[in-house]
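Asker: With chain A's structure known, arrange chains X, F and S on it following the hints.
The chain contents come next:
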Amino acid sequence: MPVRIQTKDFDAGAEVAALRRDNPKVGAVASFIGVCRDANDGGAVTKMTLEHYPGMTEKALDKIVSEAKSRWEVMDVLVVHRVGELKPTDQIVLVVVTGAHRGEAFAACEFIMDYLKTRAPLWKKEETPLGARWVEARSSDDEAAQRWEPPKSSAA
Amino acid sequence: MPVRIQTKDFDAGAEVAALRRDNPKVGAVASFIGVCRDANDGGAVTKMTLEHYPGMTEKALDKIVSEAKSRWEVMDVLVVHRVGELKPTDQIVLVVVTGAHRGEAFAACEFIMDYLKTRAPLWKKEETPLGARWVEARSSDDEAAQRWEPPKSSAA
Amino acid sequence: MKIKVLYLASLREQLGRPGEDLEISPAGSTVAGLRALLMARGGAWQTVLAQGKALRVAVNQEMAQPTTPVKPGDEIAFFPPVTGG
Amino acid sequence: MKIKVLYLASLREQLGRPGEDLEISPAGSTVAGLRALLMARGGAWQTVLAQGKALRVAVNQEMAQPTTPVKPGDEIAFFPPVTGG
Chain A
1 MPVRIQTKDF DAGAEVAALR RDNPKVGAVA SFIGVCRDAN DGGAVTKMTL
51 EHYPGMTEKA LDKIVSEAKS RWEVMDVLVV HRVGELKPTD QIVLVVVTGA
101 HRGEAFAACE FIMDYLKTRA PLWKKEETPL GARWVEARSS DDEAAQRWEP
151 PKSSAA
Chain X
1 MPVRIQTKDF DAGAEVAALR RDNPKVGAVA SFIGVCRDAN DGGAVTKMTL
51 EHYPGMTEKA LDKIVSEAKS RWEVMDVLVV HRVGELKPTD QIVLVVVTGA
101 HRGEAFAACE FIMDYLKTRA PLWKKEETPL GARWVEARSS DDEAAQRWEP
151 PKSSAA
Chain F
1 MKIKVLYLAS LREQLGRPGE DLEISPAGST VAGLRALLMA RGGAWQTVLA
51 QGKALRVAVN QEMAQPTTPV KPGDEIAFFP PVTGG
Chain S
1 MKIKVLYLAS LREQLGRPGE DLEISPAGST VAGLRALLMA RGGAWQTVLA
51 QGKALRVAVN QEMAQPTTPV KPGDEIAFFP PVTGG
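Residue numbers (my numbering), protein chains in the order written: chain A, 1 to 156; chain X, 1 to 156; chain F, 1 to 85; chain S, 1 to 85.
Take the hints with a grain of salt, since some may be wrong.
[As the list claims (entries may be wrong)] Within a straight-line C-alpha distance of at most 25 Å, the following computed DMTMM-like cross-link-like pairs (lysine to aspartate or glutamate) qualify:
no. : chain 1 : residue 1 : chain 2 : residue 2
1   : A       : Lys63     : A       : Asp76
2   : A       : Lys8      : X       : Asp11
3   : X       : Lys25     : A       : Asp11
4   : X       : Lys125    : S       : Glu13
5   : F       : Lys53     : F       : Glu20
6   : S       : Lys2      : S       : Glu13
7   : S       : Lys53     : X       : Asp142
8   : X       : Lys25     : X       : Glu67
9   : X       : Lys25     : A       : Glu143
10  : X       : Lys8      : X       : Glu73
11  : X       : Lys25     : A       : Asp41
12  : X       : Lys87     : X       : Glu15
13  : S       : Lys53     : X       : Glu143
14  : A       : Lys87     : X       : Asp76
15  : X       : Lys87     : A       : Asp22
16  : X       : Lys87     : A       : Glu104
17  : A       : Lys59     : F       : Asp21
18  : F       : Lys53     : A       : Glu104
19  : A       : Lys59     : A       : Glu127
20  : X       : Lys63     : S       : Glu62
21  : F       : Lys53     : A       : Asp76
22  : A       : Lys25     : A       : Glu73
23  : X       : Lys59     : S       : Glu20
24  : F       : Lys4      : F       : Asp21
25  : X       : Lys87     : A       : Glu136
26  : X       : Lys69     : A       : Asp41
These aren't lab readings, by the way, just hints derived from the structure by calculation. It should be emphasised that the depicted structure is a prediction, and the values quoted were computed from it without experimental measurement.
Here chain A stands alone, though its shape is the one from the complex:
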């Protein structure tokens, strides 16, 4: 399964090794780990809860992975996203892409993160010294995802 939602932590090194499976055609492995920080929007964060929409989240991530595989020449993709309670320095998400060449692996990995950030139903609630707050969506994430859209036709 290229997509997993889980409460427990992941071992990024072991996941990468499993995805490569000693496949001698793999020349490039691009990966990304998203980590819980101790501050956001200028305020301290002591804890975080990640909520998802069971069923739809997996489907949405599957669709993003399929789109990445159709756009770039890559071999295998893994997305692991944690839900539940997390604290600063905890790992949140892992994306790994293997391929023959680095350019395609990098592009697919970054694309998956940008789409995940704007299209996968996952929500963060932060505990701060001033109380709990739901994280607001960022326009910078919309802009990052927008880069991957085909240019709109200007024909009448």
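Answerer: Chains X, F and S alone, transformed into the frame defined by chain A:
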């Protein structure tokens, strides 16, 4: 030391963990592993020897890392490049970049790989069923590195 | 007709429930129609589901538009813009 | 003046040596001048170091140009385009 040249293999998961050092300001970890494939330019590869220029290789990589840090808001960078004899599925190079945000970490990581491929004195010699051959430099690598150059001024 | 409605993340907290099974009129039902029906309850329903709010709706776990039809047995989820990763 | 010359990767094999210590005239020495001096040995030296070849030169472990000066005690390395990573 952000740059290491070594004959022995590396543990990418352990290197990432060491670079993060549980720093609660790190929100993004982008990494890349280059791997020895069993074929190149259409021919089978049974073994590979990586040669470097002791002293200059480290300096060139240090310079690339410094340039990445000056261009993007990133925290820590690690480059490990192996030399000596390698066989298909062996890891060749590891680049890890930590930062607060993913866009900068991804860009710095890809930039370092593109510059390493064109500016760090390292050479591959492949063993094939037809004999040994030195790998030829690729124009696609020059083009990848060229993307990061500032546009040339067209002023007179 | 019977449908299932879900409220996720901040919407669940603001509306005070994770979801509900509803019996609504099948005639010309759409996402916009269901939203109007819920807003007519007044109070938090009216403010939280107000048209100006950045709100997302999924029908049967696929992203939907205001004009997306709602059919018997459908699962309709209301939630805020996503913030995972 | 004394200088140290290195031949790396395929150049080391084609020239049959990893490098050498040389005594050359100090007057107006440049990378291009040293290359011409070595090519004048003929044989492999002439073909391997020919102007058309994609060849890189470093002086004291920094990338150099044909016009880069060569000074006493310098380490000059000749090598092919790089292929690591």
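Asker: Holds or violated: Lys63(X) and Glu62(S), Cα atoms, limit 25 Å.
Answerer: It holds: about 11 Å lies between the C-alpha atoms, which stays within 25 Å.
Asker: Taking 25 Å as the top limit, are the C-alpha atoms of Lys2(S) and Glu13(S) close enough?
Answerer: 24 Å, holds
Asker: Hey, Lys59(X) versus Glu20(S), does the alpha-carbon distance stay inside 25 Å?
Answerer: 23 Å, holds
Asker: Would you check the hint for Lys53(S) and Glu143(X), treating anything up to 25 Å between C-alpha atoms as holding?
Answerer: Holds - the C-alpha atoms of Glu143(X) and Lys53(S) are around 20 Å apart, at most 25 Å.
Asker: Between Lys87(X) and Glu15(X), is the straight-line Cα distance small enough, at 25 Å or below?
Answerer: Distance ~22 Å between Lys87(X) and Glu15(X) Cα, so the pair holds.
Asker: Below or equal to 25 Å on CA atoms is what counts here, so check Lys25(X) against Asp41(A).
Answerer: 12 Å, holds
Asker: Tell me if the straight-line CA distance from Lys8(A) to Asp11(X) falls inside 25 Å.
Answerer: This hinted pair holds, its Cα atoms lying about 22 Å apart.
Asker: Starting from Lys53(F), check that the Cα of Asp76(A) is at most 25 Å away, please.
Answerer: Roughly 39 Å separates the two Cα atoms, so the pair is violated.
Asker: Given the hinted pair Lys25(X) and Glu67(X), is their Cα-Cα distance within 25 Å?
Answerer: 22 Å, holds
Asker: For the pair supplied as a hint, Lys25(X) and Asp11(A), confirm whether the alpha-carbon distance does not exceed 25 Å.
Answerer: 20 Å, holds
Asker: Hint check: Lys63(A) vs Asp76(A), CA-CA at most 25 Å. Holds or violated?
Answerer: Given pair Lys63(A), Asp76(A) holds - Cα atoms ~14 Å apart, limit 25 Å.
Asker: Below or equal to 25 Å on CA atoms is what counts here, so check Lys8(X) against Glu73(X).
Answerer: 31 Å, violated
Violation of the numbered hints given earlier is confined to hints 10, 18, 19, 21, 25; the remaining hints are satisfied by the structure.
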